[in-house]
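What follows is the residue order along each chain.
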Amino acid sequence: MLQIKNLQASVNGEPILKGVDLEVKAGEIHAIMGPNGSGKSTLASVLAGNELYEVTGGEAWFEGKNLLEMPPEIRAREGLFMAFQYPVEIPGVSNINFLKTALAEIRAHRGLPPLSAKEFMQRLKEKQELVEFNASLVNRSLNEGFSGGEKKRNEILQLAMLEPKLAILDETDSGLDIDALRIVANGVNKLRAKDNAFIIITHYQRLLQYIIPDYVHVLYDGRIIKSGTKELAYELEEKGYDWIKESLQASFS
Amino acid sequence: MSKSIFNSFYQYLIEQYEAFQANLQGTLPWPDALLKHKQQAFELFKKQGFPSTKQEDWKYTNLAGPLQQIFHLSAGNETADLQTALKAASIKDVQACRIVLLNGRLQRAYSDPLPEGVHFLEGAEALHHYYAEEYFASLADPTGIPLVALNTAFVPAFNLLHIQKTTDRPLHIMHFYASHQASFLPERLLLVTEEQVQTQIIDTFHQLTTEPILINYVVEQYLKEQVAMDIFLINALQPNATFFHHSETYLHSQSTYHHLNFSFPGADFIRNNINARLQGSASEANLWGLYVGGGHQLVDNHTIVDHQQPGCNSNEWYKGILQDKSTGVFNGKIFVEKGAQKTNAFQKNNAILLSREATVHAKPQLEIFADDVKCSHGSTVGQMNEEALFYLRTRGLSELTARQLLIEAFAFDILSKIPHKAVAHHVMELLRQHLHLESSIPIDA
Amino acid sequence: MPTTDQDILQKYSDQEYEFGFETRVEMEILPPGLNEETIRFISAKKEEPEWLLQWRLKGLEHFRRLSQEMPEWQNFKLPYIDFQAISYYAAPKKRKLNSLDEVDPEILATFEKLGIPLEEQKVLAGVAVDAVMDSVSVATTFQEKLKEKGVIFCSMGEAVKHYPDLVKKYLGTVVPYSDNVFAALNAAVFSDGSFCYVPKGVRCPMELSTYFRINAANTGQFERTLIIADEGAYVSYLEGCTAPKRDENQLHAAVVELIALDHAEIKYSTVQNWFPGDKNGNGGVFNFVTKRGICKGPYAKISWTQVETGSAITWKYPSVILQGDHSVGEFYSVAMTRNRQIADTGTKMIHLGKHTRSRIISKGISAGYSQNSYRGQVRVGPRADFARNFTQCDSLLLGDKCGAHTFPYIDCQNPTAILEHEATTSKIAEDQIFYLNQRGLDTEKAVALIVNGYAREVLNNLPMEFAVEAQKLLAISLDGSVG
Chain P
7 MLQIKNLQAS VNGEPILKGV DLEVKAGEIH AIMGPNGSGK STLASVLAGN
57 ELYEVTGGEA WFEGKNLLEM PPEIRAREGL FMAFQYPVEI PGVSNINFLK
107 TALAEIRAHR GLPPLSAKEF MQRLKEKQEL VEFNASLVNR SLNEGFSGGE
157 KKRNEILQLA MLEPKLAILD ETDSGLDIDA LRIVANGVNK LRAKDNAFII
207 ITHYQRLLQY IIPDYVHVLY DGRIIKSGTK ELAYELEEKG YDWIKESLQA
257 SFS
Chain W
19 MSKSIFNSFY QYLIEQYEAF QANLQGTLPW PDALLKHKQQ AFELFKKQGF
69 PSTKQEDWKY TNLAGPLQQI FHLSAGNETA DLQTALKAAS IKDVQACRIV
119 LLNGRLQRAY SDPLPEGVHF LEGAEALHHY YAEEYFASLA DPTGIPLVAL
169 NTAFVPAFNL LHIQKTTDRP LHIMHFYASH QASFLPERLL LVTEEQVQTQ
219 IIDTFHQLTT EPILINYVVE QYLKEQVAMD IFLINALQPN ATFFHHSETY
269 LHSQSTYHHL NFSFPGADFI RNNINARLQG SASEANLWGL YVGGGHQLVD
319 NHTIVDHQQP GCNSNEWYKG ILQDKSTGVF NGKIFVEKGA QKTNAFQKNN
369 AILLSREATV HAKPQLEIFA DDVKCSHGST VGQMNEEALF YLRTRGLSEL
419 TARQLLIEAF AFDILSKIPH KAVAHHVMEL LRQHLHLESS IPIDA
Chain U
3 MPTTDQDILQ KYSDQEYEFG FETRVEMEIL PPGLNEETIR FISAKKEEPE
53 WLLQWRLKGL EHFRRLSQEM PEWQNFKLPY IDFQAISYYA APKKRKLNSL
103 DEVDPEILAT FEKLGIPLEE QKVLAGVAVD AVMDSVSVAT TFQEKLKEKG
153 VIFCSMGEAV KHYPDLVKKY LGTVVPYSDN VFAALNAAVF SDGSFCYVPK
203 GVRCPMELST YFRINAANTG QFERTLIIAD EGAYVSYLEG CTAPKRDENQ
253 LHAAVVELIA LDHAEIKYST VQNWFPGDKN GNGGVFNFVT KRGICKGPYA
303 KISWTQVETG SAITWKYPSV ILQGDHSVGE FYSVAMTRNR QIADTGTKMI
353 HLGKHTRSRI ISKGISAGYS QNSYRGQVRV GPRADFARNF TQCDSLLLGD
403 KCGAHTFPYI DCQNPTAILE HEATTSKIAE DQIFYLNQRG LDTEKAVALI
453 VNGYAREVLN NLPMEFAVEA QKLLAISLDG SVG
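Protein chains in written order, with my numbering: chain P, 7 to 259; chain W, 19 to 463; chain U, 3 to 485.
If you are wondering where the hints come from, they were derived from the structure by calculation, not from laboratory data.
Glycine included, C-beta positions come from ideal geometry on N, C-alpha and C.
Worth double-checking, as some hints may not be accurate.
Straight-line Cα separation of at most 25 Å, DMTMM-like style, residue types lysine to aspartate or glutamate; simulated pairs [said to hold, decoys possible]: (1) U/K350 to W/E385; (2) U/K60 to U/E160; (3) W/K21 to W/E61; (4) U/K350 to W/E61; (5) W/K183 to W/E229; (6) W/K351 to U/E422; (7) W/K343 to U/E332.
Far from chain W, by Cβ distances over 12 Å, these chain U residues were calculated [said to hold, decoys possible]: (8) W57; (9) Y82; (10) I83; (11) D84; (12) I154; (13) L168; (14) K281; (15) E332; (16) F392; (17) K474.
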């Protein structure tokens, strides 16, 4: 589904990603962990197409298409979804109107007609129940006045509504209390299927207690320096990132 | 450098005045009490001329350009196919009582019957009404306001709208303008609402000519106690129009006044003075505005909220969207006079520039002479939020759709103040029609 | 302890101006009057080169033109000023030559009284002082120590003699003699002032400071300050001002020019306490000053901080021209007016370069019958991509006879700029005072505490020693102003 080869990117001329390799297949969940500043969020932003990040080398292929050549909306319509670490508040844009427009665009891209108002509301209701997000969205602006937890849950609701092939969760667990974390994780678990995939970016291992990853990668200084199964996450939690750094230094010395 | 402009149009007006007055005396003689105002206003105009950018209130609005040609005084005999025009100008689904004016004169045949308790007087009837002597030129004082002086001196007659009873549907005043040459079209309304009346008025403006016209529309409004009045001013005039509007409103105790001011690309030059004087305690004035600039247009909104009595509230919010080579000017004054304690006065203005060549000048201004007050103003100039744009695009919206959505969201704060669904819909349509977002793709770093 | 508002206002009004004494030293004073001869006299007296005389004469020419039509846009009626009734040159007869020992002991005593120690051994650590009395620099301390670092800090007169190239290169480049009527007057008649040059890459090792004192009667003070921070240099500069109590008004028309080259930073702080006039508005200094800085190179920074409590009329807009890309301008101001004082002050931030940033924090406090206006302009030129401004201007009203006014001008010609302006006007909330009363503070202390908190953001920008002084000054000005 996603092949990343030697991906390099910089911000304001400063290199952040220094050659990332990653392959994600349908039905898989990958966790990317790493200390602050290792490039985790940069990777997510580059994949989503944020123009603040300059790709300086490497490739990224999504379903056989060159991801890096697509503007962000085409990536979204092709089925790539990013749950933002800090979802932006957009006053005046209603949640409903926004979701309706986004869904219609994505469906049109796949050759499907837009849903009728009734179908849309029906689907919204179902998905709200699925992700246990029952805040009233009617007459509210996009993310405006939402608590941190509500914003994250709204991201998961959008994920459910838009049914992407690949979802990237950028530190979705940050700032969530245990209940919200459980709800978000349940949502993701209900949405996982054999034809979709997830990349979960996180600093801590606690989200991974609820969403069991198939693979865990450690990103450090712009490179994936270690990959393994879910046990790697436990090991990291136990020994901390210093352990990785030390073993890394050891291997160079 | 002179603080005034004395150009050929000025010369023309000065030379024509005597003949104009003589003609007026023959056709529609003004009572002495009112004539006195007219003559004083003429003397003022003669002395002051048109304001130049040396005057603080005209700092960014240069009249030398729009007034470089001569706009002729109208003979008052223009005709037009109002039947067709009316159809095009009506607002869909608005059940309003239409009052049709051509060059400021009532066209009774095309107007709807007025609701009970509403009187629209013109000509001699208006001139000799008891409210005329009381309020004409005393609400909108020509001293110091050159364009009011100009109007007072040259308006051939004025209309008087007297509302004695609450209206069950909006009054839609449709201003049509026709002319076969470049014309100066002064127009004036005196509006008095009696105690406890609730009413809504829609003002729209329509050109039936491609000749250059200079519209000078002055409104004097007097709201007695416990009145609630909403005004929706919608300006979608076409190129070749220069529009000067001055609206002066006095509020008495416990009155509420909402003024919503919308303007769109078209008219080359728009200057609105929207003033509200809170003369009675516990009254409230709200001024909302949305201006969309396009082409070479200049849109200038000057507002005054004058708190003269204690316990009054005011809210003001103007938002501007500047495209192409347009220029936006916003000047909002809040006065809190001595003794006007327990005042709450808030003002906001936001503008976004969508083009390299667009310009905005904002001058919010507070002048406060009482201490127990809560006043604030906020002003921002910016552009579309790139972060929000990116977010919307990651959800599959095209850049154009995302821009459209964000602009509409920006406008929503003002659009949402319109209590009438059909009017709101009409304004939204105008907004969509006048936005050309494809030309507002961002600028490289 | 006063109890009623009336008592309090009374006490407040009767507050003595602490610095209203006169120094009796022998003075050399030019008779009143302004003409070419005056200019030639001043220039000759100071043994100036011909180019400077010619420059002054141009200033006079512009002054004559500009004074035909005095400005009217300000928020007060400009009092009539008889420019021919002012003496344009007054200097203590004994001029300082070689060391502080030669300074008239009376003058030293004056500065001592003002709390400005000139004797170096007594000086607060790290502060070099230039003392200016009636337009003439009487003492500059720490010159030797500064010289080691290559920093030039001297009177304008000395700079013209010893560093004519630097003066000629920069004088009038930020505030030209044609700028406005008072700047033109200053160009014609300026008698002294401070000059400072910090060479490339040098961080000036101490705070530099000038104290201005108008002493003689019927004189104006027309000093001119020029500060240049060369590439990568840093300097922090402070001026303080006082004057004796006099019934007639005195004119202070100074000019300050700041030039910051690439990556240079200049911090300029003012604690202004000129004589404000008596409670009926008689006398006091007209403080009509033109202050402007230019960030000439990339990443330059100029920061103005002012605490204005004195003067009958304060009329000035310390400004920054942000020419270099990524340059930064700041303006922090507290203006307190009482009795019949008038202040019309603020700043201009002119964004010309890309990624330029400016920040304006203005806190006005009005009491008595005073009128306090903030006037500021933020202008973004067509090439100033990604310019950013934030402005906060707040007004606090103490009593119902005073006025607070805000006149911001926001002019934007660039669609990538982001400008934000916020302003509030309010009085001190009764529940705040009550809360503090309940904790045992009397109302005056409570008000002082609240006002200090209100002004904190600005005071924090002053160098430590002067922050304390400014706080004291505010407290004195506030004393009894509780309404």
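For each hint, the structure was consulted:
Restraint check for U/K350 and W/E385: satisfied, since their Cα atoms lie roughly 20 Å apart, inside the 25 Å limit. At most 25 Å may separate the alpha-carbon atoms for a hinted pair to count; U/K60 and U/E160 meet this at roughly 22 Å. For the hint pairing W/K21 with W/E61, the CA-to-CA distance comes to about 17 Å; that is within 25 Å, so the pair holds. At roughly 39 Å between alpha-carbon atoms, U/K350 and W/E61 are farther apart than 25 Å, so this suggested pair is violated.
At roughly 40 Å between alpha-carbon atoms, W/K183 and W/E229 are farther apart than 25 Å, so this suggested pair is violated. Taking the CA atoms of W/K351 and U/E422, the gap is near 18 Å; set against the 25 Å cutoff, the hint holds. Only pairs whose Cα atoms come within 25 Å are accepted, and W/K343 paired with U/E332 is rejected, the gap being roughly 31 Å. With a minimum CB-CB distance of about 26 Å to chain W, U/W57 clears the 12 Å threshold, and the non-interface call stands.
The Cβ of U/Y82 sits about 21 Å from the closest Cβ of chain W, beyond the 12 Å cut-off, so the non-interface label holds. With a minimum CB-CB distance of about 22 Å to chain W, U/I83 clears the 12 Å threshold, and the non-interface call stands. With a least CB separation of 26 Å from chain W, U/D84 remains clear of the 12 Å interface cut-off, as annotated. U/I154, annotated as away from the interface, keeps every beta carbon of chain W farther than 12 Å; the closest lies near 40 Å.
U/L168, annotated as away from the interface, keeps every beta carbon of chain W farther than 12 Å; the closest lies near 36 Å. With a closest Cβ-Cβ approach of about 19 Å to chain W, U/K281 is found to remain outside the 12 Å limit, as its non-interface label requires. At roughly 19 Å, the least C-beta separation between U/E332 and chain W is larger than 12 Å, which holds for a residue marked as non-interface. Not every beta carbon of chain W lies more than 12 Å from that of U/F392, the smallest distance being close to 10 Å; the non-interface claim is violated.
Consistency note on U/K474: stated as away from chain W, and its beta-carbon is indeed over 12 Å from all of that chain's, at 25 Å minimum.
Of the numbered hints stated above, those contradicted by the structure are hints 4, 5, 7, 16, listed in ascending order.
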